[in-house]
Each structure stands twice: as C-alpha cells, then as structure tokens.
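Protein sequence lines correspond, in order, to chains P and D.
So that you can map any letter, position 116 of the first sequence is 98 in my numbering, and since no number is skipped, the others follow by simple counting.
Just add 105 to the spot in the second sequence (first one is 1) and you have my numbering.
I should point out that these hints are in silico values taken from the structure, not numbers from a laboratory.
Because the structure is a prediction, the values reported are computed rather than measured.
By construction, the Cβ of each residue, glycine as well, lies at the ideal position given by its N, Cα and C atoms.
Treat the hints loosely; a few may be bogus.
Said to hold, decoys possible - Stretch by stretch, here's where chain D covers chain P in the computed footprint (C-beta under 8 angstroms, at least three residues):
| # | segment |
| --- | --- |
| 1 | -13 to 1 |
| 2 | 20 to 29 |
Claimed, not checked - Residues from chain P that keep clear of chain D, each with C-beta distances beyond 10 angstroms, as calculated:
| # | residue |
| --- | --- |
| 3 | His17 |
| 4 | Arg32 |
| 5 | Ala43 |
| 6 | Val50 |
| 7 | Glu64 |
| 8 | Thr69 |
| 9 | Asp71 |
| 10 | Thr73 |
| 11 | Ala74 |
| 12 | Tyr77 |
| 13 | Asp82 |
| 14 | Ser100 |
What the hints assert, rightly or not - Pairwise CB distance ranges (calculated):
| # | chain 1 | residue 1 | chain 2 | residue 2 | range |
| --- | --- | --- | --- | --- | --- |
| 15 | D | Arg171 | P | Gly48 | 23 to 33 angstroms |
| 16 | P | Glu(-8) | D | Asn140 | 34 to 44 angstroms |
| 17 | P | Asp55 | D | Ser187 | 41 to 51 angstroms |
| 18 | P | Gly24 | D | Gly121 | 21 to 31 angstroms |
| 19 | D | Gly167 | P | Gly24 | 23 to 33 angstroms |
| 20 | P | Asp55 | D | Gly121 | 48 to 58 angstroms |
| 21 | D | Glu189 | P | Thr(-5) | 39 to 49 angstroms |
| 22 | P | Gln47 | D | Val108 | 17 to 27 angstroms |
| 23 | P | Thr53 | D | Arg171 | 34 to 44 angstroms |
| 24 | P | Ala22 | D | Thr110 | 15 to 25 angstroms |
| 25 | P | Thr56 | D | Pro117 | 39 to 49 angstroms |
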Amino acid sequence: QVQLVQSGAEVKTPGASVKVSCKASGYSFTAHYIHWYRQAPGQGPEWMGRIHPNSGAANSAQNFQGRVTITRDTSITTAYMEMTRLTSDDTAVYYCTRDDRAGSVDYWGQGTLVTVSS
Amino acid sequence: DVVMTQSPLSLPVILGQPASISCRSSQSLVHSDGNTYLSWFHQRPGQSPRRLIYKVSNRDSGVPDRFGGSGSGTDFTLEISSVEAEDAGVYYCMEGTHWPSFIFGQGTKLEIK
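If we strip away everything but chain P, and leave its shape as in the complex, we get (with noise of 0.2 angstroms):
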C-alpha cells in the first residue's frame, strides 16, 4: 500500500535552518510529483512547492523563494524540505503528499511538527 512517512518533530530557534524527509513506498517514487505543505494551527495547508522525483525539477511557492529548497533521493525513494532562516511564524505543521497525476493530491505523510523558538 502506497505510504509517505516523515520525519520527527523538530523545535529551533529563529535563523535556524530545518530539514524535513518524506519515505515514500508503495508505489513508483518516480512517477509521481510529491508536494510540500504547511499547515498553521487554525489555518487550511499552504503550499509550499513541489518535486518531480525523476527530473528532481522543482518549484516552489513565491512566499518562500530562496528560503526552500526541495529535493530528493531516488535510491532511497524519500524527498527533502529544506527551510532556511527560521522565524516564529514558520511554526507549523509540515506534510508531503503524493499528486495523483489527475490534478490533485491522494496520500498524505502523517505531518511534521516544527516548532520556531528561542
């Protein structure tokens, strides 16, 4: 069965850089794009970018241009989060996601807990 788990919870402090993985099995890792997003307490998920697995092209949301960096590795069927330069309001959880290559997104990662504080 298809599955994305992610890593632990984090907790940093402002200017720190985090780097969230998403272990994908289950299916072909390079078939599909895996998204990123973040969700805030109350909010609905905000995107963050995307990764195309075999390509490893990569985009990523304007708000966070040049703070996120999305990659990954094939050999090991997991994709990367990189954000950089930490604020409060980065806390949030963060999820992968598995687009369905039908305009949206099926499975989720069970999310990751990155908490920004000094």
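Dock chain D against chain P, hints included.
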C-alpha cells in the same frame, strides 16, 4: 494566484440532518483539457487531510455515498445527505487546475450539535 473561498466557516449540524458547504474560486477551474480539478478533503484534529472527492464529483474509494460533490466553473458544493458523528472536523476544497500550485480554501468547521 487563485483564491479559494469557502462558506460558511463554521457549520453546526444536528445528527441525521443534511449539510452543505460552498467553495468559490477566483478563476475558472476548467482546465484546457476539459476537466475541472476541484477536490474536497476532510481533516480531523491531529490527523492529515483525507481526500473525499476529486474532479468535482468523484468519490474516493471507501468514502460513504452520503457525501456528494457538484458544481462547475467557479462555484462548487459539498453535500452530506445525513450527517453522522464521524463527519465532525474541518472540510477543505482544493483546486488543481492552475499548476504547479494546488491551492486550498480556508476550511469549514463542521460540528455536531
């Protein structure tokens, strides 16, 4: 960017009664391929979103048939024919027409009275 606006933001519903959630997009969601990429998700506290509906009206596997999606262009609706206790949580619409970003609405919190 496309903006997805849901209403109401809060929806109290009595068990067994119907519920309806509206989603409006700032741009048409009709893709150049003729499809309309509008999905609905349900999220319970502490859980990841779960997709219920894709391409406006197609139910995902395992989704009860009391859930139905409809609409076209810029206006869409999720209807629950008879609300059950497990339906509590937040509902989101999401557009997938305007690549590369898939944009969510702000959510509608359904509470059972």
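Each hint tested on the structure:
1. -13 to 1: Not satisfied, violated; 0 residues make the cut.
2. 20 to 29: holds (count 5)
3. His17: Histidine 17 of chain P not clear of chain D: closest Cβ-Cβ about 6 angstroms, inside 10 angstroms.
4. Arg32: violated (6 angstroms)
5. Ala43: violated (6 angstroms)
6. Val50: holds (13 angstroms)
7. Glu64: The claim holds: glutamate 64 of chain P sits with its nearest Cβ about 19 angstroms from chain D, beyond 10 angstroms.
8. Thr69: holds (22 angstroms)
9. Asp71: holds (17 angstroms)
10. Thr73: holds (16 angstroms)
11. Ala74: holds (14 angstroms)
12. Tyr77: violated (6 angstroms)
13. Asp82: violated (7 angstroms)
14. Ser100: holds (26 angstroms)
15. D:Arg171 to P:Gly48: 23 to 33 angstroms: violated (46 angstroms)
16. P:Glu(-8) to D:Asn140: 34 to 44 angstroms: holds (38 angstroms)
17. P:Asp55 to D:Ser187: 41 to 51 angstroms: Distance hint for aspartate 55 of chain P, serine 187 of chain D holds at roughly 47 angstroms.
18. P:Gly24 to D:Gly121: 21 to 31 angstroms: holds (28 angstroms)
19. D:Gly167 to P:Gly24: 23 to 33 angstroms: holds (28 angstroms)
20. P:Asp55 to D:Gly121: 48 to 58 angstroms: holds (50 angstroms)
21. D:Glu189 to P:Thr(-5): 39 to 49 angstroms: For glutamate 189 of chain D and threonine -5 of chain P the Cβ distance comes to about 45 angstroms; the hint holds.
22. P:Gln47 to D:Val108: 17 to 27 angstroms: Check passed, 20 angstroms falls within 17 to 27 angstroms.
23. P:Thr53 to D:Arg171: 34 to 44 angstroms: Since the Cβ atoms of threonine 53 of chain P and arginine 171 of chain D sit about 42 angstroms apart, the hinted range of 34 to 44 angstroms holds.
24. P:Ala22 to D:Thr110: 15 to 25 angstroms: holds (18 angstroms)
25. P:Thr56 to D:Pro117: 39 to 49 angstroms: For threonine 56 of chain P and proline 117 of chain D the Cβ distance comes to about 48 angstroms; the hint holds.
Violation of the numbered hints given earlier is confined to hints 1, 3, 4, 5, 12, 13 and 15; the remaining hints are satisfied by the structure.
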